[in-house]
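Colleague: Whole structure, please, built from the sequences with the hints as guidance.
Protein chains in written order, with this note's numbering: chain A, 16 to 355; chain B, 16 to 355; chain C, 16 to 355; chain D, 16 to 355.
Quick caveat, the hints were computed from the structure, so don't treat them as lab data. Among the hints, erroneous ones may be present.
Beta-carbon label-pair distances, calculated as ranges [unchecked claim]: (1) D/G130 x C/A132: 44 to 52 angstroms; (2) C/A203 x B/E59: 41 to 49 angstroms; (3) C/S204 x D/K136: 32 to 40 angstroms; (4) C/S204 x D/L131: 21 to 29 angstroms; (5) A/Y219 x C/N121: 54 to 62 angstroms.
In this text, all values refer to a predicted model and were calculated from it rather than measured experimentally. Every residue, glycine too, gets a C-beta built ideally from N, C-alpha and C.
4 protein chains.
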Amino acid sequence: MLNVGIVGATGYTGEKIVDILLKHPQVRISYVCAKIEKAQELSEIFPKFLGKVDLVCDNLNVEKAIKSCDLVFLAVPHKISMEIAPMFLKADKIVIDLSADYRLKNIEEYKTWYGLAHKDKKNIENAIYGLPELYRERIKQAKLIANPGCYPTAAILALAPALTSEIVDTNSIIIDAKSGATGAGRKASLDFFFSEINENLKAYKINEHQHMPEINQFLSILASKKINAVFVPHLIPMNRGILETIYVKLNKAKSENDIITLYKRFYKTEPFVRVYDAGKVPQTRNVLDTNCCDIGLKVDKNKKLLFIVAAIDNLMKGAASQAVQNMNIVYGFKEDTGLK
Amino acid sequence: MLNVGIVGATGYTGEKIVDILLKHPQVRISYVCAKIEKAQELSEIFPKFLGKVDLVCDNLNVEKAIKSCDLVFLAVPHKISMEIAPMFLKADKIVIDLSADYRLKNIEEYKTWYGLAHKDKKNIENAIYGLPELYRERIKQAKLIANPGCYPTAAILALAPALTSEIVDTNSIIIDAKSGATGAGRKASLDFFFSEINENLKAYKINEHQHMPEINQFLSILASKKINAVFVPHLIPMNRGILETIYVKLNKAKSENDIITLYKRFYKTEPFVRVYDAGKVPQTRNVLDTNCCDIGLKVDKNKKLLFIVAAIDNLMKGAASQAVQNMNIVYGFKEDTGLK
Amino acid sequence: MLNVGIVGATGYTGEKIVDILLKHPQVRISYVCAKIEKAQELSEIFPKFLGKVDLVCDNLNVEKAIKSCDLVFLAVPHKISMEIAPMFLKADKIVIDLSADYRLKNIEEYKTWYGLAHKDKKNIENAIYGLPELYRERIKQAKLIANPGCYPTAAILALAPALTSEIVDTNSIIIDAKSGATGAGRKASLDFFFSEINENLKAYKINEHQHMPEINQFLSILASKKINAVFVPHLIPMNRGILETIYVKLNKAKSENDIITLYKRFYKTEPFVRVYDAGKVPQTRNVLDTNCCDIGLKVDKNKKLLFIVAAIDNLMKGAASQAVQNMNIVYGFKEDTGLK
Amino acid sequence: MLNVGIVGATGYTGEKIVDILLKHPQVRISYVCAKIEKAQELSEIFPKFLGKVDLVCDNLNVEKAIKSCDLVFLAVPHKISMEIAPMFLKADKIVIDLSADYRLKNIEEYKTWYGLAHKDKKNIENAIYGLPELYRERIKQAKLIANPGCYPTAAILALAPALTSEIVDTNSIIIDAKSGATGAGRKASLDFFFSEINENLKAYKINEHQHMPEINQFLSILASKKINAVFVPHLIPMNRGILETIYVKLNKAKSENDIITLYKRFYKTEPFVRVYDAGKVPQTRNVLDTNCCDIGLKVDKNKKLLFIVAAIDNLMKGAASQAVQNMNIVYGFKEDTGLK
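Modeller: Rendered as structure tokens:
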């Protein structure tokens, strides 16, 4: 049994990791912690765990965590991860970081988008981006995994086949993204008060969301050239789910069927990416509580325009279940263990 | 034109008062303020007011408020009202207080339920409870109006005809109340985070909500005997609306029609209470954005049990529009001005 | 492997049964059908099943169903079950009926509440009510299981310890129930149109809901006397979840702790009933997607009144997962298989 | 007093027209009808009108309608309007049609998008598109007004200043639109069942929505050249509101401030279009229950890309209140009467 710790167990993502691991036959949750006023039963914080876990959540005690875990999930805000990951790495623990701290390779860019200097340049280099569909082989060897952001997960998977096959104009990518409210984390903020979000719809951080450099870094790698995709996120009055509607120009006329075939082939062996048949596009509920990224495709022949619709559950493939998928890969467990 | 000030203009109730007064032909909003970091256009805080108001919201300046207003609405939390109302009253201004500070006549009870000693006993005595259907004549002369709580408004109006006609067992009253989330005010709190309320349902403060003594004080007056009604509120995943399902035993068998007739007669001249015909009960959307309290009645003959279903919009009849109704009464305006 | 069929696989309950059985190691879904215009892949109807099931849903073909199944779940409306259950029973198949057709023992009552004469009196006698916490032993031998209604499941479990221990006044039971919209099934109806339910709250079928006789039949058995509980359901703008707030008079003063102890003892060995500690009551999200019924208790000493708050997921313990729990019992599988 | 009839009074749009006209001082609702099983009080269909209207809703009786009305609003589905509008026009009544039947000038296009041949070519010619901000002068003389679709209203107003000033590449327009569920009308359909929409998000009719030719017809007129904008609508789990995020390339680099100035100038005298200051974009709640179209603008200098965010209330500026605005213009009433 693998001993696993969860740092940040009181957030939505932390809760989901606990939830998944409870059903994982090869894992024991050996440690949970969070920024918390006083130690509390995890089942008191999340009564759904009543009778299912017997864990006490206290503030992080690194020494204790190191002693009790083989691997830790860091389900904490950016800025925090880069302070604590080095300690776990030094103690030879596997770290799966769900914050943004180890995703950007360029620390100048990190400073620009996250507003502070990076404190752990050394480990950035060795961090592996935890998108199994693209980086599975490297993940197998990883000590530090930078688990992808929710918006980037959908965007990169939606565009990878088109970019690697060079069928699209890389200057033309527009990503109109929509997310449920859990994407913002679990924190007291008037902006996320129920009556501010319910029966309302808004665009935010138009073309200046901090997930943009992450998306562009990986799209650029896929296309082998610098990409600056346009990205506009929207907040939807629902708990969970991301839907991205992506507009991109085709280099030359290509039929819908050809493109669907291309995508199906690209993801042929991937258990968690589902490419839809012609005429169908995913809705967010199709992927609720799953590790799937669903992709639908449509072509406007006259305009040589490709529409890509991608859906994920932001707490699952966009965070917790993808983190567990990465863990499974690192330890050689069957990749869908706990994720069926 | 009456010059009116709104203290606490950035809350949901304050916003609604502004909204209503903008359509009121005999009123000018001459002052708005709120606890705020720095002065801000009201239309910046609530962009729906863009182009409709030209008011700057700053922290309370009592002197300035007194100079510019004939009447002030205090749309602030309890504890705050009793500190500022006396200053306005001393300056001979009319005060309509939407907090709980002047509703309870017994200051011991205030201390018990609100957790601190009352600081303005003097004015409690002269405060008039602003429920026009029961206290219209006194409201006409009032200097200080204690605008009723949202739950009490529905409960008292729902029970008044039954209690004054002595047809029910006063020991048997059970009020199962349900409210949308704006009832909690507009403040950052994890409990009211979107994803904590959406797709969830809970009872809270079971038989210990601070609106209980207010309800019981007025039910007791109506019945001329001490009443301790049972009261259980629930939080519903919607923005606005209160529905109360009330269970009370009949003293002796009485037909549904007799009781409906009794209620219709009781509220015959009231423009804002609508008693439904047999077989019908109100839903919250029937009263959305109105000053109405809708009441439906049903009788279980065998059990001699009366079911009363009452609906109000918590921000309207439960707060803002009832406050304006009270203002209209005090100044002799047509009672439904601005409220149609 | 047990071969299982699902009649009515396109409803919310049918979908949930499929969902659960896909994770059940001892079961194979060998047949699905529903009232449907033309045969369709189940994964086309519910795209979440894409790549997970390879089943075609067509109209019921009893012969085919009998050939391919050891057990059938009937997830169909009442009136339909009593027409098809006899055929499966005759063919010696186990039937777990999720409709109301075999719950009421008194066929006159069936006629009164469901508006038509019962067509299968014979099998009513042998039908076992599938509430494992009360009838586990009989379920083990059952051929025909009447899976409980959603409201009754919560009501009966919430009241069973109090009634069997004779601590409450059986004439005083008031059940104020609230349910999400999936409780109504999946069918086109203006009443369940999104914008009719969203941002609205209503009571319906006040004291005349068809689940009343079911509740009263089983409460009466528990109390060994005729009970006529008051029951008022409400429709809540959310997908899933039932919360029942129950008011009942204590025969004599009893402390909260004594009653909690009584309840904990009653459900001591039950894996799916969780009795809360003093001061806590369940919310619906605590039981979302679980087979749990959570119960919270509170006492008003002065009024000798007991408050019981019970929460279930209407599609799970209120329907699909309870049906699977019953299947597990019949076949001697571990009772929580597929339900963890 | 103008005598006004509403055909289709039981839909969301019809309800809203009644709502608005009840507050209109120069109008009397003299006739209401709808496709209905049997005649019913309007206040029975919409209990919010209890005590406010005394109208009976029956099936359309054209003769009676003609006798009692000077003007009729046709709040009916397409296909129906073109059958009844001619009768009212022949009787010299003013017709404001809220369906799509008189919006497209090209009847071949009508056939393509609405699936049937147009039956009233004659009146198409004289129909005036009721978008006051662009066609006010013509509306003044109109006998037949084609009230704009909800999506087109926002799209055309959002793009008009950019197109008429020729600052954008007309081949580059992408409209990513999001709408609440009332946009689909009030009809029983499984697709609009509460639990199908709640907690779900989907794109639909990707680049093939019937509002596309309407949008393109008017954008083309504004640009004096054929435009084929890309249009993808999404269904949002909320009742009301449309938000459109529009992506369009600038012909040459232009500053955000220049464009905002251009837009503010364009709509300078328009009471119902609000152009936001730099750094701000509208949310749907800013326009809820108003006749406003709010527009926010942002420029990506490097990519020479213009982002336009436009918000309307689909039932108001997108339907009912715009129809009343048109009526006000035709009759020379103050344009904002009933719409403040």
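Colleague: If a hint holds in the structure, say so; if it doesn't, say that too.
Modeller: Results for each hint:
Distance hint check: the CB atoms of D/G130 and C/A132 are about 46 angstroms apart, consistent with the given range 44 to 52 angstroms. With their beta carbons about 44 angstroms apart, C/A203 and B/E59 fall inside the hinted range of 41 to 49 angstroms. One distance hint, 32 to 40 angstroms for the beta-carbon pair C/S204 and D/K136, holds here, with the actual separation near 38 angstroms. One distance hint, 21 to 29 angstroms for the beta-carbon pair C/S204 and D/L131, holds here, with the actual separation near 28 angstroms.
At roughly 59 angstroms, the beta-carbon separation of A/Y219 and C/N121 lies within the given 54 to 62 angstroms, and the hint holds.
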